[in-house]
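Novice: The chain contents come next:
Number of protein chains: 2
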Amino acid sequence: MIVDISKKILIVGLGLLGGSYARALKRFGFHISAITKEQSSIDYAIREQIIDEGSTTLDERIIGDADLVVFALYPKIFVEWIAQNQGLLKSGALITDVTGVKGSIVYKIQDMLRSDVEFIAAHPMAGREVSGVENSTDKIFAGANYIVTPTEKNTPEAIETCLELGKLLGFSNVATLSPEDHDEMIGFLSQLTHCIAITLMTCNDKEDMEKFTGDSFRDLTRIARINDLMWSELFVANKAALLEQMDLFMDKFNELKTMLETEDIDGMRAMMRHSTERRTLFDKK
Amino acid sequence: MIVDISKKILIVGLGLLGGSYARALKRFGFHISAITKEQSSIDYAIREQIIDEGSTTLDERIIGDADLVVFALYPKIFVEWIAQNQGLLKSGALITDVTGVKGSIVYKIQDMLRSDVEFIAAHPMAGREVSGVENSTDKIFAGANYIVTPTEKNTPEAIETCLELGKLLGFSNVATLSPEDHDEMIGFLSQLTHCIAITLMTCNDKEDMEKFTGDSFRDLTRIARINDLMWSELFVANKAALLEQMDLFMDKFNELKTMLETEDIDGMRAMMRHSTERRTLFDKK
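Chains as they are written, first to last, in this note's numbering: chain A, 646 to 930; chain B, 646 to 930.
In case anyone wonders, no lab produced these hints; they're calculated from the structure. Be aware that one or more of the hints could be misleading.
Same chains, same label: a pair holds when it works inside one copy or across any pair of copies.
[Said to hold, decoys possible] Taking lysine-lysine and the DSBU-like style, the derived pairs with C-alpha atoms no more than 30 angstroms apart in a straight line are:
#: 1; residue 1: K884; residue 2: K897
#: 2; residue 1: K721; residue 2: K671
#: 3; residue 1: K721; residue 2: K652
#: 4; residue 1: K930; residue 2: K784
#: 5; residue 1: K671; residue 2: K652
#: 6; residue 1: K884; residue 2: K902
#: 7; residue 1: K929; residue 2: K784
Put together the whole structure using the sequences plus the hints.
Specialist: Printed below as a string of structure tokens:
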């Protein structure tokens, strides 16, 4: 085990994800500290015994003590934090993150970072429809994916440590992808699906539709209830990859529309059989 | 009660829906007969005591005896059946259907039908991902909508009877809509959602995506496993209304794409807030 329990872990941003990290890691006996905006989050986490100490200010001792720092912040704030405060990090510290986009973040951080601190990026693909440390739970990691996105600048040891962190947290699938492959995958599986859901939810405001709604429409719009601050930022942070996925979707949707216009039954049936067959791959194992 | 239990009910097409009708109605003590393609379906239904008699041929006595006939056939076959065999129906019989589109069917049937037989159209919005009388169950009606779509040609008594049938079957919500409003509603809530699901499922065939799939993508593609024969026919039968809904969706999707291209964060956030707010209307009550 590379992550030994004498290491001190600092979580910056004690919200739903940061809190869930603290909860999962505390059980192994790590010393956990937190830096976050609200005193109430610190108070809650200390009362719940999921952190040992915390501060709402840039406490130099807490930050300087940490061997491993997890940044659980929105992308822009994460980049700003490093730009302004990286001088406070311990020499030899390893830092990681939870950001849902990689290409636009990883290289930026690695380029600006001190040479005696290493950043290994990760994306824990877990969440809930509620936020805040009070809703944190490490149950969200079971059954979920944890993706590490190393670059040429990363050491094998840092990659190994980050993969081990994913396993300690309780993720069912721990894997590595390049930042570019990660962003394409996320652009398609997560961001495009959210674009579709919010479009479907807002494209027809006719009254009384809800009276006749069945499970199909409800399934396609479950994620149309969306955190506008976070997702608009994530969309822009993955702009090129997401636009590409949106174009793929529109091209195929237009194909279907043309088949309907020309009543090309054979063409539509072939598309539906392709869809039915491919869906089997995506069943929960 | 207008539908009295001395009335004989014939079900034409003893599949999943026809079988579920038989199962629900038999409990009230009606005499139920069936005409269907496969002898094995008849045998099963008699063994299960959900029908009293049945035939795989156009049995003149069975058809001529029926006071109420439920056509549980695909749209085209239903129209053909009436064109060819309506002479066998009893004078004064009431006929109804289960067809998922209305405008292109209702007027056609009413125009060609004998004047001493009345057709009152209905759409039971219930189904399963499996087919056949062997999978029939009246549990699919609980929590579901039953829509009657009368025209000027219908008598108040026939409309009342059809509404009562929906209640006897166990539907939670029994309502009337014009054929045109029905088709718009179905075009949006059901057909457009299926178009989106099969498009998403087939627009990017990159390998290994399934390894990273989460619940969002699975939810949006649950209905991408689709009966190609039935749905291609339903799409064409509702072509004009569905094309209109596809255009509404594409216009909104293009709006979102433009906002992303221009990094119009405020515009995206406003759309997301609209989406979040509107989704609340569609929660299961």
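Novice: Now look at each hint and say whether the structure bears it out.
Specialist: Structure-based check of all given hints:
In this assembly of identical chains, K884 and K897 lie within 30 angstroms of each other by CA distance both inside one copy and across copies; the values are 20 angstroms within and 18 angstroms between. With identical chains, the CA atoms of K721 and K671 are at most 30 angstroms apart within one copy only, with a shortest distance of 28 angstroms there and 64 angstroms across copies. Taking CA atoms no more than 30 angstroms apart as the test, K721 paired with K652 passes inside one copy only; the shortest distance there is 28 angstroms, against 71 angstroms between copies. For a Cα distance limit of 30 angstroms, the shortest separation of K930 from K784 qualifies both inside one copy, at 18 angstroms, and across copies, at 28 angstroms.
For a Cα distance limit of 30 angstroms, the shortest separation of K671 from K652 inside one copy, 12 angstroms, qualifies, whereas the shortest one across copies, 70 angstroms, does not. Taking the closest pair of Cα atoms, K884 and K902 come within 30 angstroms of each other both inside a single copy (26 angstroms) and across two copies (10 angstroms). Taking the closest pair of Cα atoms, K929 and K784 come within 30 angstroms of each other both inside a single copy (18 angstroms) and across two copies (25 angstroms).
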